[in-house]
Amino acid sequence: MKDRRASHSRWRFWCHAEESIAVALMAFSFLAVVGSLAAILMTVIVKGLPALSLAMLTQTPKGGYYLGKEGGVLNAIAGSLLLAGGASFLALLLGLPIALYQGVFAPRARWTGAVRLALDVLWGVPSIVYGAFGFTVMLLIGLRASLLGGIFVLTLLELPIMVRGMEEVIRITPRELRESSLALGTTRLELMAVITRQALPGILTAVLLAFGRGIGDAASVLFTAGYTDRMPTSLVRPVASLPLAVFFQLGTPFPEVQQRAYAAALILTFIVLVTSLGSRGLARRLARNVVK
Amino acid sequence: MESHITTRNLCVHYGGQQALKSISVEIPRRQITVIMGPSGCGKTTLLKSLNRLLEVTEGVRLSGQVLIDGLDIYAPNVDVTEIRRKAGLLSQRPYPLPMSIFDNVAYGLRVHDRPNRRELEAAVQHYLRLAGLWDEVKDRLRTPAARLSVGQQQRLCLARGLAVEPEVLLGDEPTSALDPISARHIEGRLLELKQQYTVVLVTHILRQARRLADHVLFMYMGELVEAGPAEKVFKHPEAALTRAYLGGEF
Numbered sequence: 014m015k016d017r018r019a020s021h022s023r024w025r026f027w028c029h030a031e032e033s034i035a036v037a038l039m040a041f042s043f044l045a046v047v048g049s050l051a052a053i054l055m056t057v058i059v060k061g062l063p064a065l066s067l068a069m070l071t072q073t074p075k076g077g078y079y080l081g082k083e084g085g086v087l088n089a090i091a092g093s094l095l096l097a098g099g100a101s102f103l104a105l106l107l108g109l110p111i112a113l114y115q116g117v118f119a120p121r122a123r124w125t126g127a128v129r130l131a132l133d134v135l136w137g138v139p140s141i142v143y144g145a146f147g148f149t150v151m152l153l154i155g156l157r158a159s160l161l162g163g164i165f166v167l168t169l170l171e172l173p174i175m176v177r178g179m180e181e182v183i184r185i186t187p188r189e190l191r192e193s194s195l196a197l198g199t200t201r202l203e204l205m206a207v208i209t210r211q212a213l214p215g216i217l218t219a220v221l222l223a224f225g226r227g228i229g230d231a232a233s234v235l236f237t238a239g240y241t242d243r244m245p246t247s248l249v250r251p252v253a254s255l256p257l258a259v260f261f262q263l264g265t266p267f268p269e270v271q272q273r274a275y276a277a278a279l280i281l282t283f284i285v286l287v288t289s290l291g292s293r294g295l296a297r298r299l300a301r302n303v304v305k
Numbered sequence: 295m296e297s298h299i300t301t302r303n304l305c306v307h308y309g310g311q312q313a314l315k316s317i318s319v320e321i322p323r324r325q326i327t328v329i330m331g332p333s334g335c336g337k338t339t340l341l342k343s344l345n346r347l348l349e350v351t352e353g354v355r356l357s358g359q360v361l362i363d364g365l366d367i368y369a370p371n372v373d374v375t376e377i378r379r380k381a382g383l384l385s386q387r388p389y390p391l392p393m394s395i396f397d398n399v400a401y402g403l404r405v406h407d408r409p410n411r412r413e414l415e416a417a418v419q420h421y422l423r424l425a426g427l428w429d430e431v432k433d434r435l436r437t438p439a440a441r442l443s444v445g446q447q448q449r450l451c452l453a454r455g456l457a458v459e460p461e462v463l464l465g466d467e468p469t470s471a472l473d474p475i476s477a478r479h480i481e482g483r484l485l486e487l488k489q490q491y492t493v494v495l496v497t498h499i500l501r502q503a504r505r506l507a508d509h510v511l512f513m514y515m516g517e518l519v520e521a522g523p524a525e526k527v528f529k530h531p532e533a534a535l536t537r538a539y540l541g542g543e544f
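Just so you know, the sequences run in chain order A and B. Heads up: the first sequence is residues 14 to 305, going by my numbering. Heads up: the second sequence is residues 295 to 544, going by my numbering.
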């Protein structure tokens, strides 16, 4: 009797120990994630905020900007928004039909498996490879480094991210909803509209996730979009972008210019932050029609 | 008895498994036909084969015939959307479309008839009344359907299904997710609607079957065990299996 009680209390002790280890692990992981986010934000803010001025946001680089003189990075802000916006739009146009096909009509078809694999591989391709590939193709067809070229390459970069995200939310739309819609005698196209509407909050999240990836990528636009100190005016002229603005300014030997790199990084971070927070709010509003 | 729907040697396979074994049955017009039997006996499969919803599921093979008004709905040149429009479906749990109450009912009308605004409003009101929901929602037609209670949602789905003017109403245990009062409400509607529609209902609730059925099909393990007028099947079942089921043995 006594023996059993002793073994029982030993068992209880191990249970408690296991519990504490699990909790400690979770706390550590949580701190690691939140801590690194905080550290990144702090660095960018502390180093960038002093250099951030109205001129940075409203002016293009004046002569001698890269030596620490007057001007701002408006050209890069506009260029980045156009690049990532255009690419997200194109990727959505291409990606939504893919996601609907994979998620609704043929989730287990052999083709679907192949497309899914291809997208996963594309997801893993380093963005500099996209840049190099895009550059080669552009040389072949005689397109110079330009907004259009940048948009095309960023579309390739964003497509897999968007499609996998959208497919996931489309696949979890209730089967009964599809049946209800079909039972009313709808065609597949009308069914797709219903499903898109049901999955809209998730689709939006996928689009903005891809937008965030696209706007932050430097390597893919390095050769394909080029860089310029002017505001973007044409699809076939080079455009500036924020990641490259950061890259070029950090590479100078002048501390003022390096500080401006952090300011540009702060602007970029802010744009990404606003889109992801904004998408959450919007998704919540869109979700009010959705039956869980 | 005038038969509305007829199946001939209907067999359904899911992958390697046979779910329906050569079902030949007649479903009378403008009556409530109840399909009953223990779970997994093929009730829902039979129901969904009647409006070709079954083929949405991957890996389904079907052979034999389903005739609605003598027309084989699985014939190669048949317009499947037209078949599905003719046979509306109420599922176990209501799934309103992700839009407002008004738009839910208007959806089918817009898809098929493209009515003008006045016609649309009149029609939506008419079908919401028919489903017994109008008085509860007339002041909030533009709010999302998702805000309704489950019982109201099921009646909304009924209105939505009626709006495309089907001839047949298929119900897949349409009251199983509802509270008793809402369930009674739906049952009452179905009893009224059988004046105009042929109703086919799957249920595993014996008492509900007794309350509603004019005609009964009893299924077991993918086979049709017994079919006939409700009176006869409930009072004088022929097959031993039916007697056992009605006696509550399984």
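Hints were generated in silico from the structure; no laboratory data involved. All figures in this text were calculated on a predicted structure; none of them were measured in a lab. Virtual Cβ for every residue (Gly too), placed ideally from N, Cα, C. Be a bit skeptical, because a hint or two may be false.
Distance windows between CB atoms, simulated [to be verified]:
hint	chain 1	residue 1	chain 2	residue 2	range
1	A	Arg301	B	Leu500	35 to 45 Å
2	B	Gln359	A	Phe118	21 to 31 Å
3	A	Ser247	B	Arg436	18 to 28 Å
4	A	Thr71	B	Val374	51 to 61 Å
5	A	Leu50	B	Arg436	18 to 28 Å
6	B	Arg404	A	Pro120	23 to 33 Å
7	B	Arg441	A	Leu290	40 to 50 Å
8	B	Ser470	A	Leu107	54 to 64 Å
9	B	Ser470	A	Pro139	48 to 58 Å
In silico EDC-like cross-links for lysine to aspartate or glutamate, where the CA-CA straight-line distance does not exceed 20 Å [said to hold, decoys possible]:
hint	chain 1	residue 1	chain 2	residue 2
10	B	Lys380	A	Glu189
11	B	Lys380	B	Glu352
12	B	Lys380	A	Glu203
13	A	Lys75	A	Glu269
14	B	Lys380	B	Glu349
15	B	Lys380	B	Asp366
> Against the structure shown, which of the earlier numbered hints fail to hold, in ascending order?
Replying inline: 3, 5, 7, 8 and 11
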